[in-house]
Amino acid sequence: MTSLFEYLKILTEQSGVPGHEHNVSDAILKICDFTSHMTDPMGNLICIKEADKNAPTILLDAHMDEIGGLVRHIDDDGYIFLEPICKIDPRIMTGKQALINGKKELIGTIGVPPPHICKENKIPKFQDLPIDTGLAKEELERFVRIGDPVTFHSPLRSLGGTKICSKALDNRAGCAVLCHLSKIIDSQYNIAFLFSSQEEVGARGVQSAIALCSPVFAISIDATHGDMKGVDKNKTRVLGSGPIIGVGPNIHNTISDRLRKIAERKNISHTIKAYPAATPTNLRTIQESGVPGALLSLPVRYMHTPSEVADIRDMEASAMLLKSFISSLDAPFLEEFSCY
Amino acid sequence: MLLKELSNARGIAGYENDVRSIIKDNILDYCDKMRTDAMGNLYATQSGSGPSICLLAHMDEVGMMATAIEENGIIDFDTVGGIRDDLLPGAVVSIGEKRLSGVVGFPPLHLQSKEKKDSPVKKSELRIDCGDIGPEDVQIGDMITFETSFRSQGDIYMGKAFDDRIGCVCLIEMLKAQLGIPITCIFTVQEEIGTRGAMVARTKVNCDYAIACEGTFALDFPGLAKEERMPVMGNGPAITISDNTLIADKLLRESIEAAAYENDIPYQYKKPFAGGTDAGAFHLENGTPSGVIATACRYIHSPCAVASKKDINYTSKLIMAASLRLVEGI
Amino acid sequence: MEQLLRKLCNAKGVSGNESNVASLIKKEMKGVADSIESDSIGNVMMTKKGTRPGPTMLISAHMDEVGGMVRYIDEKGFIFFDSIGHQSPSELLGSRVHIGPSVTGIIQIRDIPKNEKLELKDLYIDVGAKNKEDLEDLNIKIGSPITRMPSFEKLLGSRYVSKSFDNRAGLCAMLEAFQKVISFPGTLIAVASSQEEVGTRGAKVAAQMQKPDIAIAVDVTFAYDTPQKKEARDINTVLGGGPAMTLKDDKYILSPKMREFIEGIAKSHKITLQYDISKGGTDASPIHTANGGIPTVALLIPLRYMHTGNEIIDINDIKSLIDLLVAIIEEADTYEY
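Chains as they are written, first to last, in this note's numbering: chain A, 12 to 351; chain B, -4 to 325; chain C, 2 to 338.
Here chain A stands alone, though its shape is the one from the complex (with noise of 0.2 Å):
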């Protein structure tokens, strides 16, 4: 617990929007001590737990990258105007802090005319919404430059009992399991700990990194929406009712199957969600990609705003199936696959 605590307080400080997440990759390199690690040009970390140079890999994968946006312009008083890379709501924007990652990191607020003078209540665009560091534009453009990333501002805070918020849980949570995992696990098949890049803007790390690890599987794991208020309760699974299976025609079924088996066995909480479609993650990418693959989720509620909230004891039930999972593989089930 503690240690997972930890490594998300690290994971959820570091900026990496897409295609800019070398602080993040930098940050669990740290976090864990892998024999062998690489990183390609499309910003992905691969790190390889090594049994046997011949035995079969297993690629576990997490994306690192979050929502946010690039400076796209700064005006004449200093203002800077954002580019989003993801579809970003621009309503959970006013109000809230941004971490402005140039040569320097500045903080800057996003605000809005006080109460006073405005009272309309319109959604702004995306597009006009100031982010205000306070310095003056010649001040400003020493440390900053156009096509800089920007994430939000919104340090790591336990909310009551185990649960935790954040920006970035989505999916820095994902990457934190891996961490832990890779600190409790042995196998005598190889593992990669596949850390993947650009999954928010529609999956592009993933699809270039696979052809580098020639997996004889994969589970990705990333974050889906948790309860909230408002929302059809069948939509969203319980915070705090353990790691989520996927089933549908994107995973395979020999692994979610496997991985339902082990947590009833071993008394993991967890519970099952249909994607009758294409999963919206990585998994899809890795399917594509010819490799057979599961998912495991996590539930985050809030997903994309400056406050996402988690619980913790998902995370270490999660690292506790994926464990159980590893250590139950043996050479029949890694041939199952091709069976039908």
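If you're looking for bench data, these hints aren't it; they were derived computationally from the structure. These numbers were taken from a predicted model, which means no experiment stands behind them. Possibly wrong hints are sitting among the right ones.
Cut-off 20 Å, straight-line C-alpha distance, at most; resulting in silico cross-link-like pairs (PhoX-like, lysine-lysine) [claimed, not checked]: (1) A:LYS194 x A:LYS334; (2) A:LYS98 x A:LYS136; (3) B:LYS112 x A:LYS133; (4) A:LYS244 x B:LYS304; (5) C:LYS49 x C:LYS258; (6) B:LYS109 x A:LYS246; (7) A:LYS240 x B:LYS111; (8) C:LYS268 x C:LYS258; (9) A:LYS284 x A:LYS272; (10) C:LYS181 x C:LYS155; (11) B:LYS118 x A:LYS130; (12) B:LYS304 x A:LYS148; (13) A:LYS244 x B:LYS111; (14) A:LYS115 x C:LYS131.
Guided by the hints, dock chains B and C onto chain A, whose structure is given.
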């Protein structure tokens, strides 16, 4: 640092205890007399000869209050003081005496209907999520404030509650300067919900002049036309000509301006007929000549305001200079 | 260079029908490239060996243009068509086109109620035929490609107007740079790619087959310096401001490392760069994810009135892009792979 301590302190209208005790600790050694009234206003007096001046700064900030506790750590709330609804989604807040962290939850776009996606945020639809809490952790009526850490960046400060902790800082500095003139600094309560503290305070003191010291809005906002941008952050203290509660006493205002001129303090005017302050309450008691000197901060009444270090300094200086000039006689 | 540009612009090459452009390129580049090959999707690939060992660099500039395809011919010989690539129906109305190799026609509109939105299906082409049979004699049939009339012309100063500057301007820059470089590391592969306007299909195949170590996509982008487009807050790519480097579009994000590399080269050669954040995508999108990820940059020529019959460019932008391309090719081994 005093402003940091005061900005990070929590106190909505009616819950100003923490702020008041920080102020008390800081001024105890510098006043001849210090007292509070039943409402919670704090009076600090320095004696001297000449006309007496009341200086006002309010201790409360805008925030929220828990109005119902629903299941699973979900809290219904209402705002205390003017906060735009659209600032709330995703905000991190601090709840009650125990300072529990919570967030104003907002469902992701993926799960919103087309209709919901296109409608502006409504406060009534929002709830605060504070994780797993027990029945004792949060009570109806608990104070909720924005959880924003104060920071210094270049020439500016960022933080919450600059309206009116900046005023409090200026008054504390005034007391510390011990100018030897007859002043009463009143740290008022409940300004944000209709200058209620000041209405009581005005009956408790006798003074010849009243000056409110404020953290007011700065309007150098990108959407606004240049001619509407008054005041602007960084252009010195903003002097009120008139607002919704007060037309500043002309002689008093000219005296403040003269003091600024004599002391090389830049100043500007606040946009007329917007907002209101404790001075509005004060001038209605015996017609006490009243005025307002304020630091123009961007985004007051939001989770994170921005203020210029220079402006705060000048505001503090101007209050001292103006007070001295008033005592010498207009 | 102006001559080459004129020839390229006047050539016909709707997506999937690029053979005219392809043979023009082959003719022009004969003797310059060590080898010239075509592949089955229609790409033309020119290879040149460097003077020292080094990385394999791929430059891709698409040679297809937006245009149309005959969809239906009515009894009276009026031709209805589909658009290939995105074009505005209101801009098409009244313009002159070529169907097949050289049959001239004009685009007109059938009667539609007032206030109704103009749609492509309401447009038809009149070639002056008396009936359907006239067209059969001319070998115009369903599927025949439609292109704009050649319209290359010099405007004031260094500016030019033509159809298909998207992307013959980029293609011209690539070919000129390919001709110019002599002393460079590794292998240079210049790809005149096919079918970009319908979803960057040719470049995808080229990147997979060639397996380069580093890649450049050369294309055009919107210049926001016209009266109706000027918006202070946008990234203002202007005509004559030099080549624009894409920071982000809908399908590609520039890596910080590549940005430093290109900016360094541009600076040392005193070439002014502009930045581009735009919608859509270029050949950079399929290339950068291919083959385990390829470090890729997209360098674009600013252009006004994209996908119309009268696109305008500044020839100085092409010239400085050529200089930049030559510099990048010559210094390709200084990138940290």
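Against the structure, the hints:
A threshold of 20 Å between alpha carbons decides the hint, and for A:LYS194 with A:LYS334 the separation of about 10 Å falls inside it, so the pair holds. Between A:LYS98 and A:LYS136 the alpha-carbon distance is near 12 Å, which keeps this suggested pair within the 20 Å criterion. Distance check on the hinted pair: B:LYS112 and A:LYS133 sit about 12 Å apart at the alpha-carbon level, within 20 Å; holds. For the proposed pair A:LYS244 and B:LYS304, the alpha carbon gap of about 49 Å is over 20 Å, so the pair is violated.
This hinted pair does not check out: C:LYS49 and C:LYS258 have alpha carbons roughly 26 Å apart, beyond 20 Å. Among the hinted pairs, B:LYS109 with A:LYS246 is consistent with the structure: their alpha-carbon atoms are about 17 Å apart, no more than 20 Å. Annotation: proposed proximity of A:LYS240 to B:LYS111 holds, straight-line Cα distance about 14 Å (limit 20 Å). This hinted pair checks out: C:LYS268 and C:LYS258 have alpha carbons roughly 15 Å apart, not beyond 20 Å.
Restraint check for A:LYS284 and A:LYS272: the C-alpha separation of about 15 Å stays at or below 20 Å, so the hint holds. With a CA separation close to 24 Å, the supplied pair C:LYS181 and C:LYS155 exceeds the 20 Å bound. A threshold of 20 Å between alpha carbons decides the hint, and for B:LYS118 with A:LYS130 the separation of about 14 Å falls inside it, so the pair holds. Between the alpha carbons of B:LYS304 and A:LYS148 the distance comes to roughly 17 Å, so the proposed pair stays at or under 20 Å and holds.
Distance check on the hinted pair: A:LYS244 and B:LYS111 sit about 17 Å apart at the alpha-carbon level, within 20 Å; holds. Using a Cα cut-off of 20 Å, the hinted pair A:LYS115 and C:LYS131 is violated, with the two alpha carbons roughly 72 Å apart.
In summary, the structure is inconsistent with hints 4, 5, 10 and 14 from the numbered list given earlier, while agreeing with the others.
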